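*Asks:* Here are the chains, one letter per residue:
2 protein chains.
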Amino acid sequence: QHGKLYHKLDEKAASDYITTIPILAEKLGGSPADWDIREVGDGNLNYVYIVVGPRGSFILKQALPYVRCVGESWPMTLERAYFEAKALRKEFEVAPEYVPEVYYFDHPMAAIAMRYLEPPHIILRKGLIDGIVYPRLAEHISDFMSKTLFYTSLLALDTHRHKEAAAQSYANMEMCRLTEQVIFTEPYMEAANNHWTSPQLDQDARAVREDIELKVEVAELKAKFCERTQALVHGDLHTGSVMVTETSTKVIDPEFSFYGPMAFDVGAFIANLFLAFFSQDGHSVTEGARDNYKKWILQTVSDVWSLFVAKFKAEWDKSWDHAGYAYLPAVYNTPAARTLSQMRFIEDLFVDMLGFAACKMIRRIVGIAHVEDMESIADAAKRAVCERKALSYVESLPSLDGPA
Amino acid sequence: QHGKLYHKLDEKAASDYITTIPILAEKLGGSPADWDIREVGDGNLNYVYIVVGPRGSFILKQALPYVRCVGESWPMTLERAYFEAKALRKEFEVAPEYVPEVYYFDHPMAAIAMRYLEPPHIILRKGLIDGIVYPRLAEHISDFMSKTLFYTSLLALDTHRHKEAAAQSYANMEMCRLTEQVIFTEPYMEAANNHWTSPQLDQDARAVREDIELKVEVAELKAKFCERTQALVHGDLHTGSVMVTETSTKVIDPEFSFYGPMAFDVGAFIANLFLAFFSQDGHSVTEGARDNYKKWILQTVSDVWSLFVAKFKAEWDKSWDHAGYAYLPAVYNTPAARTLSQMRFIEDLFVDMLGFAACKMIRRIVGIAHVEDMESIADAAKRAVCERKALSYVESLPSLDGPA
Ligand SMILES: Nc1ncnc2c1ncn2[C@@H]1O[C@H](COP(=O)(O)OP(=O)(O)O)[C@@H](O)[C@H]1O
Ligand SMILES: Nc1ncnc2c1ncn2[C@@H]1O[C@H](COP(=O)(O)OP(=O)(O)O)[C@@H](O)[C@H]1O
Ligand SMILES: [Mg+2]
Ligand SMILES: [Mg+2]
Ligand SMILES: [Mg+2]
Ligand SMILES: [Mg+2]
Ligand SMILES: [Mg+2]
Chain A
205 QHGKLYHKLD
215 EKAASDYITT
225 IPILAEKLGG
235 SPADWDIREV
245 GDGNLNYVYI
255 VVGPRGSFIL
265 KQALPYVRCV
275 GESWPMTLER
285 AYFEAKALRK
295 EFEVAPEYVP
305 EVYYFDHPMA
315 AIAMRYLEPP
325 HIILRKGLID
335 GIVYPRLAEH
345 ISDFMSKTLF
355 YTSLLALDTH
365 RHKEAAAQSY
375 ANMEMCRLTE
385 QVIFTEPYME
395 AANNHWTSPQ
405 LDQDARAVRE
415 DIELKVEVAE
425 LKAKFCERTQ
435 ALVHGDLHTG
445 SVMVTETSTK
455 VIDPEFSFYG
465 PMAFDVGAFI
475 ANLFLAFFSQ
485 DGHSVTEGAR
495 DNYKKWILQT
505 VSDVWSLFVA
515 KFKAEWDKSW
525 DHAGYAYLPA
535 VYNTPAARTL
545 SQMRFIEDLF
555 VDMLGFAACK
565 MIRRIVGIAH
575 VEDMESIADA
585 AKRAVCERKA
595 LSYVESLPSL
605 DGPA
Chain B
205 QHGKLYHKLD
215 EKAASDYITT
225 IPILAEKLGG
235 SPADWDIREV
245 GDGNLNYVYI
255 VVGPRGSFIL
265 KQALPYVRCV
275 GESWPMTLER
285 AYFEAKALRK
295 EFEVAPEYVP
305 EVYYFDHPMA
315 AIAMRYLEPP
325 HIILRKGLID
335 GIVYPRLAEH
345 ISDFMSKTLF
355 YTSLLALDTH
365 RHKEAAAQSY
375 ANMEMCRLTE
385 QVIFTEPYME
395 AANNHWTSPQ
405 LDQDARAVRE
415 DIELKVEVAE
425 LKAKFCERTQ
435 ALVHGDLHTG
445 SVMVTETSTK
455 VIDPEFSFYG
465 PMAFDVGAFI
475 ANLFLAFFSQ
485 DGHSVTEGAR
495 DNYKKWILQT
505 VSDVWSLFVA
515 KFKAEWDKSW
525 DHAGYAYLPA
535 VYNTPAARTL
545 SQMRFIEDLF
555 VDMLGFAACK
565 MIRRIVGIAH
575 VEDMESIADA
585 AKRAVCERKA
595 LSYVESLPSL
605 DGPA
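Here the protein sequences come in this chain order: A and B.
Start counting the first sequence at 205; every next residue gets the next number (my numbering).
Start counting the second sequence at 205; every next residue gets the next number (my numbering).
Just so you know, these hints were derived from the structure itself, not from any lab.
Being a predicted model, the structure only gives us computed values, none of them experimental.
Check each hint, because a few of them may be wrong.
Pairs of lysine-lysine residues, derived as DSSO-like cross-links and limited to a Cα-Cα distance of at most 30 Å, are as follows [as the list claims (entries may be wrong)]:
(1) Lys294(A) <-> Lys216(B)
(2) Lys290(B) <-> Lys428(A)
(3) Lys499(B) <-> Lys428(A)
(4) Lys454(B) <-> Lys499(B)
(5) Lys517(B) <-> Lys216(B)
(6) Lys216(B) <-> Lys428(A)
(7) Lys517(B) <-> Lys428(A)
(8) Lys428(A) <-> Lys522(B)
(9) Lys454(B) <-> Lys517(A)
(10) Lys454(B) <-> Lys290(A)
(11) Lys428(B) <-> Lys522(A)
(12) Lys515(A) <-> Lys428(B)
(13) Lys294(B) <-> Lys428(A)
In silico contact screen, one side only, chain B against chain A (beta carbon under 7 Å); selected entries [unchecked claim]:
(14) Lys419
(15) Thr433
(16) Glu450
(17) Lys515
We put the CB at the ideal spot given by N, CA and C, even for glycine.
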C-alpha cells in the first residue's frame with residue numbers, strides 16, 4: 205500500500221500535501237501562507253506536526269519506514285500507521301471522551317490527521333515529573349481502559365466478530381515482535397541495546413539476567429502476550445502516551461495496538477505510575493518536598509485499579525442480557541454465578557497485570573528505552589538509588605513468586 | 205470458492221468426477237467400470253467414499269453445506285474441507301507416520317482424496333468397545349500430538365510464521381463456534397439439543413447445569429479455547445478420529461482444526477479413553493470379564509500423558525539452539541533455566557488438559573453428541589450407572605476444584 209505513493213513530509217511538504225486534501229485544507233481555512241506548521245514529535249518513531257490555520261487546527265502524524273531515533277539502519281513497517289488510525293477510531297467509538305478524533309487517514313502516506321490536543325494539554329509523564337496532581341486521572345484512564353478492553357472482547361462481541369477483529373490485528377505483527385524483543389527478551393540477556401546506570405546498577409542488571417525464576421515467569425507472560433487474543437489492547441499505554449490537563453485525559457499513539465491480553469495495558473499504565481513514584485526522590489529539591497506527591501501517586505495507582513475493576517464490572521453488568529459469547533446469559537443465569545465469574549476474571553487479570561507491570565518496569569531500567577522520569581535525574585548515584593528501589597519493588601510482586 | 209462449482213457427489217457422480225481428475229483416475233487404473241465406490245461415512249457431518257480400482261485406491265471425503273445427521277435445517281460451511289486438507293498436510297509434514305497422505309484437494313467441491321487406510325484398520329472407538337488391546341497406541345498418539353503441537357507453536361516457529369498461521373486458521377471460525385456451542389455452552393444450560401439417559405440421569409444433568417463453580421471453570425477453559433492461539437490443534441481428537449491396527453495408528457478428520465490451546469487435543473483424547481473405561485462394565489458379558497481390559501485402558505491413559513510429556517520435551521531439547529521465539533537460547537541459557545521452563549510449561553498444560561478432558565466427558569453424557577461406547581449399552585439402567593461414574597470422576601478432577 206505504500207511504495208511510490210509514500211514520501212516523507214517536512215514542514216514545507218506537509219503544507220503542499222494538505223492543499224491536496226480538501227477536508228484538511230478547509231479545516232485550517234485561509235491559504236498555505238496562513239498556516240503554521242511545527243514539528244513536535246518527541247517520540248522515538250514518528251514525525252508529528254502541529255498544523256494551525258485561521259479557522260482550525262489538527263495534528264498530522266506520519267510514520268517513517270525506520271526508527272526515527274536510530275535511523276535507516278533499523279527499518280520499521282509503515283503499516284503501524286494503519287493500525288494506529290484503526291485503533292484510534294475504535295477507541296473513539298467506545299470511549300470518545302478520551303481519544304483525539306481522527307479526521308483523515310492516508311494509508312499510502314502512513315499519515316494520520318487528528319484533533320490537536322491544545323494547551324494546556326501536556327504529556328502526562330512530564331506532569332508527573334513536575335509534581336502536578338491530576339485529580340481526574342484515575343477516573344478517566346480507568347474509564348478508557350475498561351471501555352476499550354471490555355467492548356473489544358468476547359464479553360461484548362460474538363465469536364465471529366471477535367475472531368475477525370483478532371485476525372485483522374495480526375498484521376501488526378512487526379510491532380508485536382518489537383515489543384517481544386524489547387520487553388520480554390533483551391532485558392533478560394546480554395544485548396547491545398541494553399543500558400543502565402553504570403557501574404551502580406551493573407550487579408542489578410546481572411541479577412535480572414541470571415534470575416531463573418523471573419525469566420520463567422517472563423516466558424509465561426510473553427506467551428500470553430503472543431498467544432492470547434483477548435481484546436484490542438493499546439499496546440504502548442505508558443504515561444508518555446497520555447495527554448492531560450487537570451480536567452481532561454486523552455490517550456494517543458496506539459501504533460502497537462493488537463489483540464492481546466487486557467492485563468498488558470493495565471499493567472503498562474500502572475508500571476509507569478510506579479516508575480514515576482520511585483523517581484520522585486530524584487526530583488525532590490528539598491528533603492520531603494515530594495512526600496505528598498508520592499502519596500498521591502500511590503493513591504492513584506490504587507484508584508486506577510479499583511476504578512478499573514468497578515467500571516469494568518459495571519459494563520459487564522449492563523451487558524449480561526445482550527452479552528458477547530464468553531458468558532452467555534442462559535448459562536450464567538444466577539446472581540451467584542455472575543458474581544463468581546466476575547471475581548475469578550478479575551483475580552486472573554490482577555495477577556497478569558502485576559506480571560506485565562513488572563516486565564515494563566524492568567525493561568525501562570535495564571533495557572533499550574528508559575523513561576524520562578528517571579533519565580532526567582542528572583546525578584547518576586541518586587538516579588541509581590531510585591532505579592534500584594523500583595527494581596526491588598518488582599521483585600516483591602506476588603506474580604513473580606512462582607506458582608501460587 | 206464454492207457456489208456453482210460445487211455439486212454433491214453420490215457413487216455415480218463420484219465416478220464421473222474422478223474421471224475428470226487425471227491423477228485420481230490414474231491412481232485407480234482401469235476404467236470407471238472397474239472402480240468400486242462405496243459410501244462408508246459413519247460421521248455426523250460428511251460423505252466418505254472408499255474408491256478401489258485395479259491399480260490402487262483412495263478415500264474421497266466430501267463436505268456438505270449442512271450437518272449430515274440433521275439435514276439442511278442446520279447449515280454448515282463447506283470451508284471446513286479446506287481446513288481439514290490443510291491440517292492433514294501440515295500434520296503429514298511433521299508426523300507422517302500417523303496421518304493419511306492427501307492426494308488431491310478440490311476447494312470448490314470441498315472434496316479431499318486421501319490414502320485409504322485399508323483393513324484391518326478400524327476406528328479406535330470400535331476397537332475399545334470390542335475390548336481390543338492396542339499395544340502401540342499410547343506411543344503413537346503421544347508422538348503424533350507432541351510433534352503436531354510442538355512444531356506449530358512458538359516453541360518451534362518465529363513470531364512471524366506463528367502469527368500468520370494463527371491468522372489464517374481464524375477463518376475456520378464457524379467450526380470453532382460449533383465447538384463452543386456444543387462443548388462449552390449447551391451442556392450447562394437448558395438446550396433443545398441436550399439429551400441424556402432419562403430419567404436415570406435427570407438429577408445429574410441438572411446438577412451440571414446448576415454447578416456454579418463448574419460453570420465458572422468452564423468459562424475459563426472456553427476463554428482459552430477462544431483466545432489462546434498456541435498451536436495448530438486437531439480440534440476433534442476423540443477415539444472416533446483415530447484408525448488403528450495393532451501396529452498402526454492414524455489420525456483422521458481434522459476439520460475442526462485451528463490455532464488453539466495444546467491442552468485441548470490432549471484432553472480430548474484422554475477424555476475419550478476415560479469414557480471407554482467407564483463404559484466397560486456395560487460391555488462386560490460376565491462379571492469381571494473386562495477387568496484386565498479396564499486396567500489396560502487406565503495404563504494407556506497414564507502412558508499417553510507421560511509419553512506425551514517425554515516426547516514433547518525431547519523435541520524441545522532438540523530445538524533449544526534453533527528454537528522458536530518463545531524461549532530464546534540467549535535468555536534460557538542454563539540447564540536450570542531450561543528445566544524449570546519445561547516443568548512450568550508442562551504443569552500448566554496438565555491442569556488445562558484435565559479441564560478440557562472434563563468438558564469433553566460432560567458434553568458426551570448430557571450434551572448433543574454422545575459416544576458409541578455408552579450408547580451401545582442397550583440397558584439404560586446399566587448405561588446410566590456407567591455414565592454416572594464418569595460424571596463423578598469428572599467432578600473429582602483437580603482442575604475443577606477452583607483456583608489452586
Ligand atoms: N493529538 C495530539 N495533540 C497534541 N499533541 C500531540 C498529539 N499527538 C501527538 N502529540 C505530540 O507529539 C508527541 C509524539 O506523538 P506520539 O503519537 O506519541 O508519537 P510517537 O509514536 O513517535 O511516540 C507527543 O508526545 C505529543 O507531545
Ligand atoms: N482415510 C481413510 N481410510 C479409511 N477409512 C476412512 C478414512 N477416512 C475416513 N474413513 C472412514 O469414514 C468414516 C468417517 O470419516 P470422518 O473423516 O471421520 O468423517 P466425518 O467428518 O463425517 O466424521 C470414518 O469413521 C472411517 O470409518
Ligand atoms: Mg509516543
Ligand atoms: Mg508511538
Ligand atoms: Mg469423524
Ligand atoms: Mg469430522
Ligand atoms: Mg481455577
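*Asks:* Each of the hints needs a verdict: does it hold here or not?
*Replies:* Consistency of the hints with the structure:
1. Lys294(A) <-> Lys216(B): The given pair, whose Cα atoms are some 53 Å apart, is violated under the 30 Å limit.
2. Lys290(B) <-> Lys428(A): Judged against 30 Å, a Cα distance of about 26 Å means the pair holds.
3. Lys499(B) <-> Lys428(A): 38 Å, violated
4. Lys454(B) <-> Lys499(B): 24 Å, holds
5. Lys517(B) <-> Lys216(B): 49 Å, violated
6. Lys216(B) <-> Lys428(A): 51 Å, violated
7. Lys517(B) <-> Lys428(A): Holds, at roughly 21 Å.
8. Lys428(A) <-> Lys522(B): 24 Å, holds
9. Lys454(B) <-> Lys517(A): Answer violated: Lys454(B) to Lys517(A) is near 47 Å, above 30 Å.
10. Lys454(B) <-> Lys290(A): Between Lys454(B) and Lys290(A) the Cα gap is close to 45 Å, so the pair fails against 30 Å, i.e. violated.
11. Lys428(B) <-> Lys522(A): OK: Lys428(B) and Lys522(A) at ~24 Å, within 30 Å.
12. Lys515(A) <-> Lys428(B): OK: Lys515(A) and Lys428(B) at ~24 Å, within 30 Å.
13. Lys294(B) <-> Lys428(A): OK: Lys294(B) and Lys428(A) at ~24 Å, within 30 Å.
14. Lys419: Because about 6 Å separates Lys419(B) from the closest Cβ in chain A, which is inside the 7 Å limit, the hint holds.
15. Thr433: 5 Å, holds
16. Glu450: With a minimum Cβ separation of about 38 Å from chain A (threshold 7 Å), the hint on Glu450(B) is violated.
17. Lys515: 20 Å, violated
The structure shown violates the earlier hints numbered 1, 3, 5, 6, 9, 10, 16 and 17.
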